[in-house]
Each structure stands twice: as structure tokens, then as C-alpha cells.
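Asks: First to last, the sequence lines map onto chains A and B. First residue of the first sequence: 0, per numbering that gives the first Met the number 0; consecutive thereafter. First residue of the second sequence: 0, per numbering that gives the first Met the number 0; consecutive thereafter.
FYI, nobody ran anything at the bench for these hints, they're computed from the structure. For glycine and all other residues, C-beta sits at the position ideal for the given N, C-alpha and C. Just to be clear, a hint being listed does not mean it is correct.
With a straight-line Cα cutoff of 30 angstroms, these simulated DSSO-like cross-link-like pairs (lysine-lysine) come out [to be verified]:
hint, chain 1, residue 1, chain 2, residue 2
1, A, K514, A, K403
2, A, K207, B, K250
3, B, K64, A, K207
4, A, K427, A, K334
5, A, K304, A, K388
6, A, K158, B, K120
From chain A, some residues computed to sit far from chain B (all C-beta separations above 12 angstroms) [as the list claims (entries may be wrong)]:
hint, residue
7, V99
8, L169
9, R171
10, L195
11, G196
12, K202
13, Y234
14, N242
15, F250
16, L489
17, G524
In case you want the letters, here they are:
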Amino acid sequence: MKSLIGGCLLVASIGICTTTYGQENELRIGGNTQLDMQYYYPDSIIGADTVPEKMLMNGYTNINFIKGNWSAGFRYEAYVNPILGFDPGYEGTGISYRYVTYKQDNIEVTLGNFYEQFGSGMVFRTYEARTLGYDNAMDGFRIRYQVTDGIHLTSIWGKQRQLWALGEGLIRGFDGEVMINELKESWKDKKTQLTLGGSFVSKYQEDKDPLYILPENVGNYGGRFNLNSGNFNLYGEYAEKINDPSRDNGFIYKDGRALLLEATYSQKGLGVYLAGKMVDNMAYRSDRTASGNNVMINYHPALTKQHTYALAATLYPYATQPTGEMAAQLEVAYKIKKKSKLGGKYGTNVTLNLSTVQGLDTTTLVTNSSAENKRLGYEVNYFNVGSQKYFHDYNIEISRKFNKHLKMKYTYLNLLYNMNVVQGLQTKGTVLTHIHVLEATHRLTNGHAIRWEMQHLGVADENKYYPDMGNWAYGLVEYTYAPHWFFTVLDQYNYGNKDEARRVHYFTGVVGYMKGQHRIQAGYGRQRAGIFCVGGVCRNVPAANGFTLSITSNF
Amino acid sequence: MSTLVVILLAVLAGCDHVEFPNQGNITEPPDTTNHAPVQKVMLEEFTGQGCGNCPGAAVTARQLKNIYNDRLILVSIHAGWFANGGNPWVPGDLSCAEGEEIDQSFGISAVGNPNGMVNRKAANGSVVLGPDAWGTQVADILDHTAVSADIEISADYTGETGQITADITVSYLQDLSGDYKIVAAILEDDIVAPQTNYDGNGDPDYNSPTENNYPHQHILRGHMNSTWGSDLAPGSVASGTTTQVSYSMAKGETWDPSNLSVLVYIYEVSTQEILQVESVHID
Numbered sequence: 000m001k002s003l004i005g006g007c008l009l010v011a012s013i014g015i016c017t018t019t020y021g022q023e024n025e026l027r028i029g030g031n032t033q034l035d036m037q038y039y040y041p042d043s044i045i046g047a048d049t050v051p052e053k054m055l056m057n058g059y060t061n062i063n064f065i066k067g068n069w070s071a072g073f074r075y076e077a078y079v080n081p082i083l084g085f086d087p088g089y090e091g092t093g094i095s096y097r098y099v100t101y102k103q104d105n106i107e108v109t110l111g112n113f114y115e116q117f118g119s120g121m122v123f124r125t126y127e128a129r130t131l132g133y134d135n136a137m138d139g140f141r142i143r144y145q146v147t148d149g150i151h152l153t154s155i156w157g158k159q160r161q162l163w164a165l166g167e168g169l170i171r172g173f174d175g176e177v178m179i180n181e182l183k184e185s186w187k188d189k190k191t192q193l194t195l196g197g198s199f200v201s202k203y204q205e206d207k208d209p210l211y212i213l214p215e216n217v218g219n220y221g222g223r224f225n226l227n228s229g230n231f232n233l234y235g236e237y238a239e240k241i242n243d244p245s246r247d248n249g250f251i252y253k254d255g256r257a258l259l260l261e262a263t264y265s266q267k268g269l270g271v272y273l274a275g276k277m278v279d280n281m282a283y284r285s286d287r288t289a290s291g292n293n294v295m296i297n298y299h300p301a302l303t304k305q306h307t308y309a310l311a312a313t314l315y316p317y318a319t320q321p322t323g324e325m326a327a328q329l330e331v332a333y334k335i336k337k338k339s340k341l342g343g344k345y346g347t348n349v350t351l352n353l354s355t356v357q358g359l360d361t362t363t364l365v366t367n368s369s370a371e372n373k374r375l376g377y378e379v380n381y382f383n384v385g386s387q388k389y390f391h392d393y394n395i396e397i398s399r400k401f402n403k404h405l406k407m408k409y410t411y412l413n414l415l416y417n418m419n420v421v422q423g424l425q426t427k428g429t430v431l432t433h434i435h436v437l438e439a440t441h442r443l444t445n446g447h448a449i450r451w452e453m454q455h456l457g458v459a460d461e462n463k464y465y466p467d468m469g470n471w472a473y474g475l476v477e478y479t480y481a482p483h484w485f486f487t488v489l490d491q492y493n494y495g496n497k498d499e500a501r502r503v504h505y506f507t508g509v510v511g512y513m514k515g516q517h518r519i520q521a522g523y524g525r526q527r528a529g530i531f532c533v534g535g536v537c538r539n540v541p542a543a544n545g546f547t548l549s550i551t552s553n554f
Numbered sequence: 000m001s002t003l004v005v006i007l008l009a010v011l012a013g014c015d016h017v018e019f020p021n022q023g024n025i026t027e028p029p030d031t032t033n034h035a036p037v038q039k040v041m042l043e044e045f046t047g048q049g050c051g052n053c054p055g056a057a058v059t060a061r062q063l064k065n066i067y068n069d070r071l072i073l074v075s076i077h078a079g080w081f082a083n084g085g086n087p088w089v090p091g092d093l094s095c096a097e098g099e100e101i102d103q104s105f106g107i108s109a110v111g112n113p114n115g116m117v118n119r120k121a122a123n124g125s126v127v128l129g130p131d132a133w134g135t136q137v138a139d140i141l142d143h144t145a146v147s148a149d150i151e152i153s154a155d156y157t158g159e160t161g162q163i164t165a166d167i168t169v170s171y172l173q174d175l176s177g178d179y180k181i182v183a184a185i186l187e188d189d190i191v192a193p194q195t196n197y198d199g200n201g202d203p204d205y206n207s208p209t210e211n212n213y214p215h216q217h218i219l220r221g222h223m224n225s226t227w228g229s230d231l232a233p234g235s236v237a238s239g240t241t242t243q244v245s246y247s248m249a250k251g252e253t254w255d256p257s258n259l260s261v262l263v264y265i266y267e268v269s270t271q272e273i274l275q276v277e278s279v280h281i282d
């Protein structure tokens with residue numbers, strides 16, 4: 000049974016898990032598929048260019064097999080041609096992912112592709128985020144070994160996926176985790192639980208540079224702990240990387256380091272999360288010349304809230320800066336008691352979220368322009384915060400159920416975004432916005448429901464901040480007829496654009512049908528240019544006008 | 000378990016600390032004494048008189064030239080915002096129409112300068128390479144490319160007519176398939192003109208932030224046979240075949256004839272990669 004569950008977890012990591020217990024030796028096959036198609040009309044006013052193919056399509060299918068101790072699977076992908084906003088290098092079709100895993104007793108071996116994460120990912124994390132076009136899957140082998148209860152070892156070896164090829168660098172890594180309380184029977188039920196972990200990853204890439212000695216083997220290592228006691232949890236991780244001159248850091252030879260601390264407290268009706276981190280020169284890829292979202296070996300958790308409302312989520316979302324940043328986040332979620340004066344009949348949820356990101360306090364080491372000095376990089380005063388502000392997001396969310404038929408939520412964001420740093424632009428500036436969102440869901444009878452959103456984004460103080468595209472208004476109405484149908488119409492209006500010709504409406508209509516494990520969705524309208532982020536990793540979404548069709552299916 | 004221990008030990012060994020990044024005075028012997036055809040590489044630096052970080056990139060290019068001598072041919076292309084209009088703090092314009100067209104076609108100054116191309120060959124999916132990636136790309140191409148064509152140029156300038164002529168012989172040393180074009184262009188050295196030169200990423204031998212007497216080297220002045228050149232070998236060509244072509248163009252008014260060279264390169268049309276390159280000083 001153990002192996003079955005293990006196989007299920009593994010397979011779940013790439014998208015599907017069909018679990019029927021008690022039939023260990025029966026062959027089970029599962030999978031999922033998704034097709035996204037877009038038809039493009041040129042629309043010069045919003046910056047949507049002519050697409051020669053007119054229609055573009057991204058599609059993939061995962062198929063997984065489990066039998067006894069064995070599991071195997073593959074993913075077929077087709078980008079014919081890639082939808083705008085995805086790396087054009089994905090153009091083509093083929094099997095991008097395949098693996099075989101065998102698990103017996105306390106050892107598990109995977110050959111082929113796999114995703115893995117050590118700790119929070121600061122030393123090593125390979126994963127897939129399909130909506131970002133992000134896939135840095137390993138191709139090689141992995142062994143997981145459970146020495147005894149509470150001691151887990153993992154080792155990995157291989158290369159990373161880079162579009163349709165493998166990145167140039169080789170990755171070797173090792174991770175160990177000890178759950179202290181598991182080591183002794185009498186500790187197992189203690190209120191306080193402690194877990195310790197450590198990782199080491201080394202990448203190898205040949206040095207062909209005739210001018211500089213580039214380190215061919217670059218190590219990145221770190222330690223972590225998790226302390227849990229009752230309602231309280233504390234997580235900490237520290238990582239260090241040796242000299243790693245790369246395109247990301249301007250080929251400097253400075254070491255890198257990162258520190259993350261997260262504390263959470265929760266009790267009925269109250270949750271508190273406080274976190275801080277420092278990242279200094281920690282971009283780490285298996286190819287020192289790579290850029291974009293390619294062949295990243297590690298990952299730095301975002302300490303900024305990921306929003307879902309369009310104006311808050313896709314105009315000025317923060318992208319983590321692995322080359323250097325200091326960030327802090329506080330979130331307090333409180334439920335005002337039900338049947339109280341303030342809380343109303345069902346209670347009221349209030350969530351306050353504050354996050355801020357600044358640059359590092361650095362002193363450049365270049366005393367003259369000799370090539371060698373230029374490569375030394377900079378010094379950091381870790382006990383101070385840099386003067387340059389990258390981002391802040393101070394938001395509050397209040398949601399309340401009024402009766403069986405009506406739920407409402409109000410959100411306010413005060414959001415500051417340094418375009419020059421986050422988007423790598425040199426000629427823009429810092430935008431400060433005030434965003435208000437009001438959302439309501441009306442449950443009608445017999446599965447009918449109407450949800451609407453009103454959003455407004457206003458840019459602040461144009462004398463002090465960069466106005467960018469100015470003010471936006473947004474409205475959405477969604478009608479759901481459960482369990483099969485939904486219809487959405489929305490409009491975004493850039494009424495505050497300084498360029499009057501660009502004060503345009505972005506109308507979109509979407510209809511969706513769901514049945515069982517299948518879903519089909521069709522839309523028509525304008526797509527506003529923006530940025531789409533998941534966990535602080537982002538991609539550009541270009542402006543577009545036309546039809547969209549999306550089909551997803553699990554089987 | 001023993002496998003894990005072996006892996007752990009191997010991983011722990013995986014760190015190279017580099018104390019002194021510079022390679023020192025490593026040079027490869029020049030190929031000028033050897034008349035056998037050799038593969039050469041073209042490094043196109045995209046720059047502008049208003050680009051304060053570009054002189055630092057030119058230093059990198061010069062260091063590579065010191066290593067590879069005649070096997071590396073440098074071309075400076077002034078184009079884009081830094082070269083014209085966008086640089087009010089530096090007078091002058093060393094751009095030419097063909098350089099602007101190449102810059103736009105490959106989207107180089109749109110990304111920002113200094114940037115360049117080495118044989119217009121992509122590394123990591125991009126032909127646009129920053130100065131720190133030039134050396135690796137030059138070394139990689141020279142290590143892995145077998146010479147497939149040889150270019151001989153006889154270049155001449157006639158003062159009476161003001162015409163520059165180039166007689167070019169291309170010899171194929173391998174059977175080739177693909178469509179090839181040939182481009183002949185004029186380069187000029189030692190143009191003394193102002194240059195923005197930032198402290199830090201500029202050239203420390205010159206004044207900062209502006210050097211009024213910066214010697215601009217191997218500047219692209221114009222093409223003799225259009226930006227994208229002339230058909231040379233459409234389809235396929237057999238080893239041992241020779242093609243001869245001649246081009247001429249009028250010398251520009253401001254060009255100093257004693258500082259001019261003819262640059263010739265062959266590229267494959269679909270990949271746009273340079274097959275071979277050569278340059279000679281005009282007699």
C-alpha cells in the first residue's frame with residue numbers, strides 16, 4: 000500500500016492522480032490534457048500586431064501508468080505555433096517529459112524527467128508552471144532513501160530542460176532532512192516538533208572564455224529548520240553560493256547568499272504570518288549565459304501577495320529579483336465573531352496584508368575600470384536596507400456574508416511598483432496606485448448565481464510618481480448555472496490614459512461548459528497587455544484581439 | 000546507501016573558487032605565417048558615440064583581438080538611439096544606412112547597447128550577445144568549425160575616380176548545401192571623434208564622461224553590394240569550386256583613404272550565420 004501511495008504522490012506532482020486502493024498490481028492509467036487556441040485580429044490601437052498564422056495553439060497531454068511498485072509516464076506537448084507571450088523557442092511538437100519510477104521498501108529511484116524541491120527552493124527547485132511557459136524539469140536520475148523513521152535523503156543528477164533541448168550545464172545535488180521527533184518514540188507526541196534539513200547542489204559548465212577564468216563547478220548550499228509548537232510555527236533557511244559570474248549578475252565573481260524567516264501563528268478566528276528575506280546575488284542557472292525563465296536551478300519564494308483581481312494582478316505584479324532584494328511581509332487574518340454588532344449574522348473576515356521590497360545597501364568595489372576590478376562586484380551592508388524601493392503592497396480585504404443569497408467582499412490596495420527595476424526598463428519610473436475592488440455573489444435558486452466585480456485603479460500624485468497608463472476602470476458580471484454553464488462579460492477601460500487615442504475599452508465575453516472532468520471555454524474580445532506572475536516568476540502577456548478557445552480534460 | 004555516499008562525496012567536491020578571474024597574457028599564435036585557409040570569425044559590436052558603456056565593450060573586443068589576431072575580425076556598427084539623435088551631449092554621427100538596417104533586423108539597439116553578434120550565431124537562443132559572452136562564443140566557433148570556404152580580396156582605391164574596387168575570389172573547401180550570399184563592405188579606422196565614456200564601464204585610458212578625441216576603429220562606413228549582399232551559391236556547391244566577383248563604390252567624402260579596409264563575408268540565408276569572413280586594408 001505504501002508504494003501505491005508514493006506512486007500516487009509522484010504522479011500527482013505532474014498533474015493527475017487516480018487513486019483506487021487495494022488493487023496494487025492492477026495496471027492503472029490516468030492523464031489529463033489541455034488545448035489553448037487563440038485567433039488574432041490586428042488591433043493597432045491596443046498594440047496587437049498582425050499574426051501571420053492568424054491562429055496559434057498550445058497543447059499538452061500527460062499519460063501516467065501505475066502498476067505495483069512501478070510508475071511511468073510521459074507528456075506530449077505541441078506549440079503550433081506558440082501563443083503570443085510564450086517563448087517562441089517552444090515552437091514544435093514532441094515528448095517533453097518521460098520517466099520511470101520504482102519504489103520498494105524505503106528506496107525510490109526515478110529515471111528520466113522529474114521535478115524536485117529542497118526546502119523552500121533557494122538551493123534547488125525544478126517545477127513546471129504551464130501558464131508561465133516555465134519548465135526546468137530535470138532529466139537524469141533521482142534516488143530517495145529513507146534511512147529510518149524521520150531521516151530522508153534525496154540525491155539528484157542530470158541536466159535541465161531548456162525549451163526543446165537540455166541546458167548545457169550538469170547538476171548534481173543532495174538533500175537530507177531529519178524530523179527530530181521521529182527519532183525517538185517518546186518524542187513523537189511532543190507538542191514541539193523540530194525538523195532540520197540541509198542541501199548541497201553543484202552545477203558544472205565548461206569554461207570556454209579566453210579572457211576570464213570562469214568557475215566550472217559552482218556550489219550552492221544551505222540549511223533550514225522548522226519549529227512547530229502548538230499554534231506557532233517558525234521556518235528559517237539560509238543559503239550560500241560561491242562565485243558564479245553569469246549574465247544575470249553582469250559576470251561578477253562575488254559570492255551570493257540568501258536568508259528567509261517565516262513565522263506563523265494561528266488560532267480560531269485569527270491567523271498571523273510574518274516573514275522577512277534577504278537575497279544577494281543568488282540567481283543560479285545551469286547555463287551562465289541563459290536569460291528569461293530558462294534553466295533556473297533555484298527559486299526564491301515571493302513575499303508579496305498574489306492577487307486575482309485583474310487590475311491588481313496583471314498591471315503591476317512584483318517579480319522576485321534574485322540578483323538582490325530585501326523583503327518583508329505581514330498578514331493578519333481575523334474573523335469578527337458572528338452574531339456580534341460588527342460581525343453580523345455570519346461573521347466578517349478581515350485580512351490585512353502588508354508587503355514591502357527594497358534594494359540592498361551596496362557599495363561598488365570598482366575603484367577604476369580595470370577589467371579585473373569590474374568583476375569583483377560590490378559589498379553589501381546586510382544590517383541596512385538599500386535606499387531604492389522596488390515595491391510595496393498594503394492591502395486590506397473585508398468579506399461578509401449577509402444572508403443565504405448575498406456575499407460581498409471589498410478590497411483596497413495601495414501599490415507601489417518600480418518599473419525600472421522590476422521590468423528592467425530604464426526610461427519609466429515608479430508608479431503608485433490606489434486600487435478599489437468590490438465583489439458580490441448573489442445566489443439565486445436552483446443553481447443560478449450572479450457574481451459581479453467593480454474595480455478601479457487610480458494613479459497617485461503625478462508630480463512625484465510615474466503615471467504610466469493612468470487610471471483604469473473595470474466591470475465584470477458572471478452568471479453561473481450550476482453545474483454546467485457559466486457566462487462572463489467584462490470591460491476594462493483605460494479612461495485616464497494621457498494619450499487620448501489610447502483611452503480604449505477592452506470588452507471580453509466568455510462562455511464555459513463543464514461536465515465531469517471536462518471543461519470547454521470560449522471567449523471573444525480584447526486582451527490587455529500586461530504581466531502574468533505565479534509565485535514571483537512572471538511572463539509578459541501581449542495585447543491581443545480575437546477568439547480564444549480552451550479545452551481541459553482529465554481521464 | 001553506498002551510492003548515496005558516493006554521490007554526496009562527488010557533490011561536495013563540486014566547487015571552484017576563482018581568486019583572479021583574468022586569464023593573464025594567454026595568446027594563441029597568429030595565423031599570418033601559415034597560408035593555409037583558416038576559419039575566421041566576425042564580431043560585430045553595436046555602439047554609438049552617445050553610448051557611455053560601449054568603450055568598455057570595445058576594450059573587451061580588443062583583448063579578444065590580441066588573443067586571436069587575424070582569426071578575429073572586428074566591425075563597429077554605430078546604430079540606433081545612441082548613434083543618432085538620442086545623444087545630444089555628443090556631436091557627430093558615424094552610422095550608415097546598412098548598419099541601421101542590420102541593427103533593426105536583429106533588434107540589437109532595441110535591447111540596449113553595448114551588445115554584439117559573433118558570426119550572427121545564436122548562443123542560448125539569442126544572436127544578440129553582451130560583451131561578457133563574446134569570448135566564449137568566439138572560442139566555441141573556432142573550436143568547433145571546420146573551415147569550409149576561403150576568401151581572397153584584392154582591394155584598390157583610385158584617387159582620380161574616387162572609386163574603391165574589390166576583386167574577390169571565394170574557394171569552397173567542403174561540399175555545401177544551402178543558399179549563400181556574399182557581402183562586401185568598407186571599414187574605416189582611426190576616426191578621431193567625440194565619445195561618451197562612463198567611469199566604471201568605459202575605457203579607463205580616455206577621459207570621462209566624454210572623450211573629445213576618441214579613436215574610433217573599424218567603423219562600418221557602407222556596403223558595396225547592398226545590406227544583405229548578392230547571391231553567391233544558391234542551392235549547393237561542390238568542394239573545389241571557385242567563384243570570382245568584383246564590386247566597386249565611390250569613397251565617401253569624409254573617409255580617409257589611407258584608413259580604409261574592405262570587409263567581405265559569406266552567410267547562409269536561412270540561418271543568417273556567417274560561413275567565412277575576411278578583410279584587407281586598401282592599398
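Asks: Hint by hint, say whether it matches the structure.
Replies: Tested hints:
1. K514/A x K403/A: This hinted pair holds, its Cα atoms lying about 26 angstroms apart.
2. K207/A x K250/B: violated (40 angstroms)
3. K64/B x K207/A: holds (16 angstroms)
4. K427/A x K334/A: violated (41 angstroms)
5. K304/A x K388/A: Since the Cα atoms of K304/A and K388/A sit roughly 17 angstroms apart, the hinted pair holds (cutoff 30 angstroms).
6. K158/A x K120/B: holds (23 angstroms)
7. V99: Nearest chain B Cβ is 17 angstroms from V99/A, so the label holds.
8. L169: Given that some Cβ of chain B is not farther than 12 angstroms from that of L169/A, nearest at about 9 angstroms, it is violated.
9. R171: violated (5 angstroms)
10. L195: The claim holds: L195/A sits with its nearest Cβ about 17 angstroms from chain B, beyond 12 angstroms.
11. G196: Since the minimum Cβ distance to chain B is about 15 angstroms, G196/A lies beyond 12 angstroms and the statement holds.
12. K202: violated (8 angstroms)
13. Y234: holds (24 angstroms)
14. N242: violated (6 angstroms)
15. F250: Non-interface label fails for F250/A: nearest chain B Cβ at 4 angstroms, not farther than 12 angstroms.
16. L489: Consistent with the label, L489/A stays out of reach of chain B, its closest Cβ about 33 angstroms off (over 12 angstroms).
17. G524: Its Cβ never comes within 12 angstroms of chain B, the nearest being 29 angstroms, so this holds.
Figure legend: structure checked against the earlier numbered hints; hints not met, in rising order: 2, 4, 8, 9, 12, 14, 15.
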